[in-house]
Amino acid sequence: MKNKNSSKMSLAMLAPIYIFTIAFVALPIIYMFVLSFLKQAESWGVVYEFTFKNYLDILEPIYLTTFIESFKLAVLTTLLVIIIGYPFGYFMAKLSAKWRGRMMLLLMVPFWTNSLIRLYGWIIIFRANGPLDKILMFLGITQEPLKLLYTYPAVVVGMVYALVPFMILAVYSSVEKMDWSLVEASRDLGASAFEAFRTVTLPLTLPGLLSGIILTFVPSMGLFFIADILGGNKVVLVGNVIQEQLMKAHNWPFAAALAVILMLMTSILIYTYRKITKVNELEGIL
Amino acid sequence: MSDIILKLENISKSFGDTHVLKGIDLEVSKGEFVTLLGSSGCGKTTTLRIIAGLETADSGKVYLNGTDVTNLEPNKRNVNTVFQNYALFPHLNIFDNIAYSLKLKKVDKAERKRIVSDALALVQLEGYEKRTPGELSGGQRQRIAIARAIVNQPDVLLLDEPLGALDLSLRRQMQLELKKLQKQLGITFIYITHDQEEALNMSDRIAVMRNGNFEQIAHPNDIYNNPRTSYVASFVGSANVLSGVVEKVKDGVAKVVTAYGVCFVNCGKYTVNTDQKVNFAVRGENILINKSDSETGLSAVISDVNFVGNMLRTTLKLSDGNEVVATKHGITSEYSVGQEVKFTFEPSSAVFVDME
Ligand SMILES: Nc1ncnc2c1ncn2[C@@H]1O[C@H](COP(=O)(O)OP(=O)(O)OP(=O)(O)O)[C@@H](O)[C@H]1O
Ligand SMILES: [Mg+2]
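Residue numbers (my numbering), protein chains in the order written: chain A, 1 to 286; chain B, 287 to 642.
Incorrect hints may have been included.
[As the list claims (entries may be wrong)] Distance ranges between label pairs, derived from CB positions:
#: 1; chain 1: B; residue 1: SER325; chain 2: A; residue 2: ILE17; range: 47 to 57 Å
#: 2; chain 1: A; residue 1: ILE17; chain 2: B; residue 2: THR342; range: 48 to 58 Å
#: 3; chain 1: A; residue 1: LEU95; chain 2: B; residue 2: THR342; range: 13 to 23 Å
[As the list claims (entries may be wrong)] Cross-link-like lysine-lysine pairs, in silico, BS3-like; alpha carbons within 30 Å at most:
#: 4; chain 1: B; residue 1: LYS416; chain 2: B; residue 2: LYS466
#: 5; chain 1: B; residue 1: LYS389; chain 2: A; residue 2: LYS275
#: 6; chain 1: B; residue 1: LYS577; chain 2: A; residue 2: LYS177
#: 7; chain 1: B; residue 1: LYS399; chain 2: B; residue 2: LYS389
#: 8; chain 1: A; residue 1: LYS278; chain 2: B; residue 2: LYS416
#: 9; chain 1: A; residue 1: LYS248; chain 2: A; residue 2: LYS177
#: 10; chain 1: A; residue 1: LYS147; chain 2: A; residue 2: LYS134
#: 11; chain 1: B; residue 1: LYS308; chain 2: B; residue 2: LYS563
#: 12; chain 1: B; residue 1: LYS469; chain 2: B; residue 2: LYS362
#: 13; chain 1: B; residue 1: LYS399; chain 2: B; residue 2: LYS469
#: 14; chain 1: B; residue 1: LYS577; chain 2: B; residue 2: LYS628
#: 15; chain 1: B; residue 1: LYS536; chain 2: B; residue 2: LYS555
#: 16; chain 1: B; residue 1: LYS362; chain 2: B; residue 2: LYS392
#: 17; chain 1: B; residue 1: LYS416; chain 2: B; residue 2: LYS391
#: 18; chain 1: B; residue 1: LYS389; chain 2: A; residue 2: LYS94
#: 19; chain 1: B; residue 1: LYS308; chain 2: B; residue 2: LYS347
#: 20; chain 1: B; residue 1: LYS293; chain 2: B; residue 2: LYS316
#: 21; chain 1: B; residue 1: LYS416; chain 2: B; residue 2: LYS399
#: 22; chain 1: A; residue 1: LYS275; chain 2: B; residue 2: LYS416
#: 23; chain 1: A; residue 1: LYS177; chain 2: B; residue 2: LYS362
#: 24; chain 1: A; residue 1: LYS278; chain 2: B; residue 2: LYS577
#: 25; chain 1: B; residue 1: LYS555; chain 2: A; residue 2: LYS275
#: 26; chain 1: B; residue 1: LYS362; chain 2: B; residue 2: LYS389
#: 27; chain 1: B; residue 1: LYS541; chain 2: B; residue 2: LYS614
#: 28; chain 1: A; residue 1: LYS72; chain 2: A; residue 2: LYS278
#: 29; chain 1: B; residue 1: LYS293; chain 2: B; residue 2: LYS391
#: 30; chain 1: B; residue 1: LYS563; chain 2: B; residue 2: LYS541
#: 31; chain 1: B; residue 1: LYS389; chain 2: A; residue 2: LYS278
#: 32; chain 1: A; residue 1: LYS275; chain 2: B; residue 2: LYS395
#: 33; chain 1: B; residue 1: LYS416; chain 2: B; residue 2: LYS316
#: 34; chain 1: B; residue 1: LYS416; chain 2: A; residue 2: LYS177
#: 35; chain 1: B; residue 1: LYS293; chain 2: A; residue 2: LYS278
#: 36; chain 1: B; residue 1: LYS555; chain 2: B; residue 2: LYS466
#: 37; chain 1: B; residue 1: LYS466; chain 2: B; residue 2: LYS362
#: 38; chain 1: A; residue 1: LYS94; chain 2: B; residue 2: LYS362
#: 39; chain 1: B; residue 1: LYS316; chain 2: B; residue 2: LYS465
Hints were generated in silico from the structure; no laboratory data involved.
Ideal placement from N, C-alpha and C gives every residue a C-beta, glycine not left out.
Sequences and hints are given; from them, build the entire structure.
Structural data, given as structure tokens:
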């Protein structure tokens with residue numbers, strides 16, 4: 001009796017959450033999905049006529065190349081983010097409580113600053129004869145300005161810069177939960193420091209690493225404004241195409257189809273993550 | 287001597303301002319079962335960790351099989367540990383947990399399989415290979431931790447309160463099994479516990495530890511019957527420790543004057559002199575309570591009477607506030623709380639302590 005009541009109660013309390021989720025998450029996704037099978041109208045909006053054309057268009061070389069290029073950039077970005085973020089998160093978790101708090105603050109500061117302003121900071125740094133060139137030339141590493149702005153490396157740096165905090169936080173939260181006596185047990189059983197890392201620490205912090213990978217890889221397919229601002233129009237990503245189709249070409253159905261494909265890739269990634277780690281929440285998000 | 291397998295020489299260790307080990311020495315023979323017994327925080331785990339190489343001593347040396355291993359990494363020492371919380375790898379199944387050290391040593395697969403199933407048979411958990419540690423009960427995890435530690439055939443097996451988390455009946459059963467296992471394998475055990483009964487039942491020798499020092503290292507019988515210090519007497523034998531002044535010695539029996547009366551204590555191996563201040567220990571089961579009008583005995587007031595199992599525990603309060611606990615079989619007490627009494631004991635059941 002009491003149970004029934006309380007379940008009714010909790011249903012009543014959860015109802016707003018369900019309504020919110022349906023209204024602002026499920027419906028837009030369904031709308032986008034439906035949109036992706038419709039036709040672009042001659043002038044404005046869409047024609048309610050079923051077609052696979054949008055998906056077939058994606059297979060056209062220019063768009064397919066964009067997908068592949070985006071994918072490559074995302075892989076490169078993710079790799080760099082792992083190389084920088086994993087050790088960072090790992091050692092941060094091993095700091096004393098006082099220093100952990102300070103590092104956390106430093107990590108959080110950028111989140112409170114407008115991301116465009118931070119990107120313009122990079123423009124200033126990368127500009128020909130900007131601070132970076134000056135320093136490199138002063139140190140004699142380069143002889144003349146590198147003209148890094150509006151190049152591929154500039155985009156990569158911008159991406160890594162924007163995404164590495166997510167990896168750090170994800171790794172940090174799983175390393176912090178590590179039971180270090182397991183590492184001691186492994187050393188005790190004959191493992192060198194590296195073997196202990198490989199066979200115990202790494203597998204046990206894998207949930208953090210994998211969620212860091214998802215949190216890096218997924219956005220890096222779509223962070224069009226970084227490619228725009230730091231790459232000029234030399235680097236075109238799926239995100240740029242979606243934005244362009246939506247805002248300039250007004251081809252909503254095609255933009256929707258591109259977005260659906262991106263979402264599908266994301267879902268596959270998250271599904272794989274769950275399969276590997278048997279964990280349902282992404283580590284480090286909460 | 288050649289059959290000394292482990293030797294600690296003047297080991298000291300501090301954590302910040304806390305001086306945890308204060309220059310301890312220990313020699314352990316091959317195949318011996320040595321127990322470190324002491325209250326919480328006295329440095330038992332730290333000692334074990336220094337032997338394993340998981341902690342480095344500030345000074346002093348550790349020898350294994352005659353070799354100085356003081357500066358060797360844990361993986362280079364042929365010592366394995368059964369951790370207090372078992373520390374089984376949660377991401378590996380039971381087979382891989384036990385085979386962990388074999389894999390590192392590149393033992394081939396068939397051999398690995400054989401050794402693991404032998405080890406599982408030894409701890410009576412055949413067929414558990416595919417389970418994960420999370421699917422085992424506390425007692426089973428404990429056995430797996432032992433199996434994992436012995437497949438390496440270590441020179442010394444270190445066990446940190448391996449039975450601490452188990453309930454009493456399982457504890458008793460595991461004590462017997464562990465002891466049997468140790469005999470069977472012939473592996474040297476260094477065993478930590480703060481359960482004195484466990485220490486007395488299982489060990490070849492007990493090292494009683496207190497505040498980073500060994501108070502006494504001896505055979506359980508010796509620890510029990512001839513405690514060297516009042517701490518050992520009260521911690522291990524739950525003995526009562528009293529003090530007084532020797533009035534005279536005759537035929538190896540000292541007449542001791544205490545604040546509560548006169549009593550007699552066997553000198554045993556010690557020589558005591560007239561007017562010497564002495565401490566002596568006497569266990570509760572050797573104390574007899576008599577009426578207060580008896581001619582001999584020490585005066586006290588009954589302050590508590592209770593039953594533990596089929597034992598009667600009577601607490602006696604002395605004039606200076608100290609307490610003495612007397613135990614006897616039976617469930618009826620002739621005395622009631624508040625009653626004035628005298629208590630006596632045989633001279634042979636009391637021993638001098640703190641003589642050095
Ligand atoms: N890593 C450490 N840092 C600081 N102090 C420590 C550390 N390890 C142990 N200590 C201190 O050293 C003392 C001895 O600790 P140890 O773990 O050896 O005790 P123990 O005899 O095993 O106690 P217990 O029976 O409670 O397990 C304690 O006071 C403890 O607080
Ligand atoms: Mg301990």
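For the pair supplied as a hint, B:LYS416 and B:LYS399, confirm whether the alpha-carbon distance does not exceed 30 Å. Roughly 12 Å separates the two Cα atoms, so the pair holds.
Given pair status - B:LYS362, B:LYS466, alpha carbons within 30 Å: Holds, because 28 Å separates the two Cα atoms, which is no more than 30 Å.
Holds or violated: A:LYS275 with B:LYS416, Cα cutoff 30 Å? 19 Å, holds
Pair hint outcome, B:LYS308 versus B:LYS563 [Cα-Cα no greater than 30 Å]: 28 Å, holds
Starting from B:LYS563, check that the Cα of B:LYS541 is at most 30 Å away, please. Holds, at about 12 Å.
For a C-alpha distance cap of 30 Å, please report whether B:LYS389 and A:LYS275 respect it. 26 Å, holds
Check the hint pairing B:LYS399 with B:LYS469 against an upper bound of 30 Å on the C-alpha distance. Holds. B:LYS399 to B:LYS469 sits at ~24 Å (cutoff 30 Å).
Range hint 13 to 23 Å (beta carbons of A:LEU95 and B:THR342) holds or violated: 21 Å, holds
Within a Cα-Cα threshold of 30 Å, do B:LYS293 and B:LYS316 meet the stated pairing? At roughly 11 Å apart (the allowed maximum being 30 Å), B:LYS316 and B:LYS293 satisfy the hint.
Mind checking the alpha carbons of B:LYS308 and B:LYS347 for me, to see if they're no more than 30 Å apart? Within the cut-off at roughly 13 Å; holds.
Within a Cα-Cα threshold of 30 Å, do B:LYS536 and B:LYS555 meet the stated pairing? Since the Cα atoms of B:LYS536 and B:LYS555 sit roughly 14 Å apart, the hinted pair holds (cutoff 30 Å).
Taking 30 Å as the top limit, are the C-alpha atoms of B:LYS362 and B:LYS392 close enough? Given pair B:LYS362, B:LYS392 holds - Cα atoms ~15 Å apart, limit 30 Å.
Comparing the model with each earlier hint shows violations of hints 6, 9, 24, 25, 33, 35 and 36; every other hint is respected.
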